[in-house]
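Turn these sequences into a full structure, and let the hints guide you.
There are 2 protein chains.
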Amino acid sequence: MAKISIPLYHRLYEDVKEKILHNEYKKNSRLESVRSLAKRLDISTTTVEKAYNQLMVEGFIKSIPRSGYIVMDVHSVEKSQVRSYLDPIDFKQSENNKLTTDLFDIKSYKSTVNKVFNYQSDKLYTSLDPRGEEELREEIRKYILKERDVKCDVNQIIIGPGIQALLNILLSISNKKSVTFLQPEFTKAMHIFRSFNYTLKPRKTTTEIARLKADFLYISPSNIYPTGEILKAQERNKIIKWAQENNSYIIEDDYNFFIRYNSYTVPSIHSYDGGKNVIYIGSFSKTIIPSVRVSYIVLPIPLYNIYKECYSNFSQGVSKLDQLSLGLFMKEGLYQRHVKKLYNMYKEKNSIMINALNRSNKKKKFKFRGTDSNLHVVLDFKNKLSLNSFIRNCNRYYLDYEIIDNSNSVIFPYSGIENSDVSRLIKNLLYNI
Amino acid sequence: MAKISIPLYHRLYEDVKEKILHNEYKKNSRLESVRSLAKRLDISTTTVEKAYNQLMVEGFIKSIPRSGYIVMDVHSVEKSQVRSYLDPIDFKQSENNKLTTDLFDIKSYKSTVNKVFNYQSDKLYTSLDPRGEEELREEIRKYILKERDVKCDVNQIIIGPGIQALLNILLSISNKKSVTFLQPEFTKAMHIFRSFNYTLKPRKTTTEIARLKADFLYISPSNIYPTGEILKAQERNKIIKWAQENNSYIIEDDYNFFIRYNSYTVPSIHSYDGGKNVIYIGSFSKTIIPSVRVSYIVLPIPLYNIYKECYSNFSQGVSKLDQLSLGLFMKEGLYQRHVKKLYNMYKEKNSIMINALNRSNKKKKFKFRGTDSNLHVVLDFKNKLSLNSFIRNCNRYYLDYEIIDNSNSVIFPYSGIENSDVSRLIKNLLYNI
Chain A
1 MAKISIPLYH RLYEDVKEKI LHNEYKKNSR LESVRSLAKR LDISTTTVEK
51 AYNQLMVEGF IKSIPRSGYI VMDVHSVEKS QVRSYLDPID FKQSENNKLT
101 TDLFDIKSYK STVNKVFNYQ SDKLYTSLDP RGEEELREEI RKYILKERDV
151 KCDVNQIIIG PGIQALLNIL LSISNKKSVT FLQPEFTKAM HIFRSFNYTL
201 KPRKTTTEIA RLKADFLYIS PSNIYPTGEI LKAQERNKII KWAQENNSYI
251 IEDDYNFFIR YNSYTVPSIH SYDGGKNVIY IGSFSKTIIP SVRVSYIVLP
301 IPLYNIYKEC YSNFSQGVSK LDQLSLGLFM KEGLYQRHVK KLYNMYKEKN
351 SIMINALNRS NKKKKFKFRG TDSNLHVVLD FKNKLSLNSF IRNCNRYYLD
401 YEIIDNSNSV IFPYSGIENS DVSRLIKNLL YNI
Chain B
1 MAKISIPLYH RLYEDVKEKI LHNEYKKNSR LESVRSLAKR LDISTTTVEK
51 AYNQLMVEGF IKSIPRSGYI VMDVHSVEKS QVRSYLDPID FKQSENNKLT
101 TDLFDIKSYK STVNKVFNYQ SDKLYTSLDP RGEEELREEI RKYILKERDV
151 KCDVNQIIIG PGIQALLNIL LSISNKKSVT FLQPEFTKAM HIFRSFNYTL
201 KPRKTTTEIA RLKADFLYIS PSNIYPTGEI LKAQERNKII KWAQENNSYI
251 IEDDYNFFIR YNSYTVPSIH SYDGGKNVIY IGSFSKTIIP SVRVSYIVLP
301 IPLYNIYKEC YSNFSQGVSK LDQLSLGLFM KEGLYQRHVK KLYNMYKEKN
351 SIMINALNRS NKKKKFKFRG TDSNLHVVLD FKNKLSLNSF IRNCNRYYLD
401 YEIIDNSNSV IFPYSGIENS DVSRLIKNLL YNI
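Chains A and B, in that order, are what the protein sequence lines are.
Sequential numbering of the first sequence, starting at 1, is according to this note's numbering.
Sequential numbering of the second sequence, starting at 1, is according to this note's numbering.
Watch out, some of these pointers could steer you wrong.
[Said to hold, decoys possible] List time: in silico BS3-like cross-link candidates among lysine-lysine, alpha-carbon distance up to 30 Å:
id : chain 1 : residue 1 : chain 2 : residue 2
1  : A       : 177       : A       : 213
2  : A       : 232       : B       : 62
3  : A       : 176       : B       : 201
4  : B       : 204       : B       : 365
5  : A       : 123       : B       : 188
6  : A       : 123       : B       : 110
7  : B       : 123       : A       : 286
8  : A       : 92        : B       : 331
9  : B       : 340       : B       : 188
10 : A       : 110       : B       : 110
11 : B       : 188       : B       : 341
12 : B       : 232       : B       : 213
13 : B       : 188       : B       : 176
14 : A       : 367       : A       : 204
15 : A       : 213       : B       : 177
16 : B       : 341       : B       : 331
17 : A       : 142       : B       : 19
18 : B       : 213       : A       : 115
19 : B       : 50        : A       : 367
20 : B       : 50        : A       : 146
21 : A       : 276       : B       : 19
22 : A       : 308       : B       : 177
23 : A       : 123       : B       : 115
24 : A       : 110       : B       : 365
25 : A       : 384       : A       : 362
26 : A       : 276       : A       : 201
27 : B       : 201       : A       : 308
28 : A       : 110       : A       : 123
29 : B       : 241       : B       : 146
30 : B       : 123       : A       : 341
31 : B       : 146       : B       : 341
32 : B       : 241       : A       : 26
33 : B       : 123       : A       : 92
34 : B       : 201       : A       : 232
35 : B       : 146       : A       : 19
Please keep in mind that the hints were generated in silico from the structure rather than gathered at the bench.
As structure tokens, then:
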């Protein structure tokens, strides 16, 4: 307990403890009796008793009936004095990799949170369902059924604070060894496979994947990183057949499926296969403010049956306030309305970006692609020189970018750039490259 | 994107897709031209173009210049028709294992959350620091320094949504193999060690632990489960010496350190050792409503240096709204005030419980212990018969309990029982045992 002023008994306790630790009171010696010490210090016997009691609880002395308090054998351990130098992490937020404030209506979310406080606060006092609250899981079930044709029981859905948390659960219930994926790797997911000692088998095409054996295929068929391309029907069939024949699981990471600027959204692979060999993973990370960290996984029945036996070993990581708020936000249709609005704003930002890139490319020093989805663009520069100039410019403005290995290409996010700034900024970044 | 009514082009797309999948349109055959189809169906060419475009994006057809649209080789994969029976998880909340609503002042927390919405909402649009927001980490640093004498740099503190999430990070950055702990095991923590293939070495006493080799010792020295006893000074010295000599780490899970009803709180082991061989873990789970899921870990410098190199591989799981709210709650002293109040209420509930147990024990059919800490009690029944009666009664009232292996003892939580109900309920549970 926090104590503002140190009580008398505690000062006495500290004093005696110090003397024991520094061998002034030798082991096995007898402490002054409560009565005598109280009299000598002119304090109450209760105070001395409390101090001695505390010393007993911590094991510095013990009480021997009719003999008094005896000092225990307690050497002071040597405290490590060497203080290693700590080199701090310099974490900076890049302006282009956040969300502009117009992209989320924080007021309606705030009012939903307050509704939970006002009308559902009793639920906040009970412990969390390890799988996530049923209110939210049911909303997710309806949502992915409608939008992604993912058919599942509400029990198969597990909520977690991000994809890493869900992969930690998945890998701990499935005793597997290897994972394949299309390059470039999604580092945050692969990091979890690495920590579980998986063999990683990166491949360039689904044809190569179809020739190998692996327990898992991690893929985003509706939004392949970084260009946002989708997996063609033929390739989808190929990997489903592969999974069925090899008893493998496809982990379908269906992030940002709804962002297609020039085509309709593509059905989930889960809907192709009926969920037998597909583990579906979804996330709210990019559709709600980054404040909210909620992802979900749909377990195929055999994995669900394993999970069922040990689910109480897992703690739920998403706060109940977030879960109930998001559940209500979806139930009232606010989430769906928000996603629709978000899509239109993304589309506007996207087209402003395309125009700005075209205008800044009079000298044809680069090409760009990946503009049918997401809020980043892939720039392919003609040569290293142009790439380096661009990167220097990004660094000058403290902007995020990611170079694609062994190429003159760079991934450039632009979700955090205000529409009114896009044109000027792009001009500056691509000036004189 | 959510579409309320299905647009014309999409119906056309669906129609053509079905025909391709069911081999009505054979592979390599040419589709009707845009112009001809539009005329025949009396729809605009734009609509047909959109449908064909979608089919191209998904890989059902391809466009060959001056030749038109050609059907690709796309077999329909067989959908798994076997629907396994799903046996649902029956998750129930036990009344005695929650928090009574008087134990948390939800109004002051609600107003803090709203302050974050009103004055810090811009921060909600940026992405999360993988380590946790500095505002909160700094408050935690000050808090554990003051209350637990844990001396560390703010950079050494990592926030996560629960102890499991933090252990997942810890084990993935430390390449170790074995863990020891005092029985009974803390299942949720040990589950993570198991999933990382650790060798578990449960022991009964610290003397036994001091005789073995292990990379980690997981322990709660200020609140040993289930009785809430503390590790005596001599034992503390023993395990610190053991860790120093074996190059092992003590993981100090310092949960509920502040709950000591009849003695002063005991210093952290981290403070004994200066943090060289001790990894300190703390949590807000039991001091804030279960709604909020925030735990933290203090990494020793060598582990911090490893983490520093790969921290960007980890996603932060605690929502920023929770982090900023809790940070502000602490900064304004509301958390500290709440913990003080909570302690007094816990103490009251605890003494009501002790009285009720004494009153219901006229026939001396059981003993009880573990009442100096926590909000559960350990009941030691004289025989199996009494134990079984008690359990039957618990089951009748849907109350939680945990039997201690190979004993007539049971752990009974009571945080969720209203003070006014304690006496009657205990009487009923222990009636006629």
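Between residue 50(B) and residue 367(A), is the straight-line Cα distance small enough, at 30 Å or below? holds, 25 Å
Would you mind confirming whether the straight-line C-alpha gap from residue 110(A) to residue 110(B) stays at or under 30 Å? holds, 11 Å
Restraint status (C-alpha distance of residue 123(B) to residue 341(A) at most 30 Å): holds, 21 Å
Straight-line alpha-carbon gap residue 201(B) to residue 232(A), limit 30 Å: violated, 51 Å
Hinted pair residue 213(B) and residue 115(A), Cα distance within 30 Å: violated, 53 Å
Checking one constraint from the list: CA of residue 276(A) to CA of residue 19(B), max 30 Å. Satisfied? Satisfied, since the Cα-Cα distance of roughly 25 Å is no more than 30 Å.
Would the pair residue 123(A) and residue 188(B) pass a check requiring their Cα atoms to be no farther apart than 30 Å? holds, 23 Å
Run the distance test for residue 146(B) versus residue 341(B): straight-line Cα separation, threshold 30 Å. holds, 18 Å
Hinted pair, alpha-carbon criterion (30 Å max): residue 123(A), residue 115(B). Please report holds or violated. holds, 22 Å
Satisfaction of hint between residue 146(A) and residue 50(B), Cα-Cα up to 30 Å: Within the cut-off at roughly 22 Å; holds.
For a C-alpha distance cap of 30 Å, please report whether residue 232(B) and residue 213(B) respect it. Status holds; Cα separation ~22 Å.
Proposed proximity, residue 146(B) with residue 241(B) (alpha carbon, max 30 Å): OK: residue 241(B) and residue 146(B) at ~25 Å, within 30 Å.
In summary, the numbered hints that this structure violates are 18, 24 and 34.
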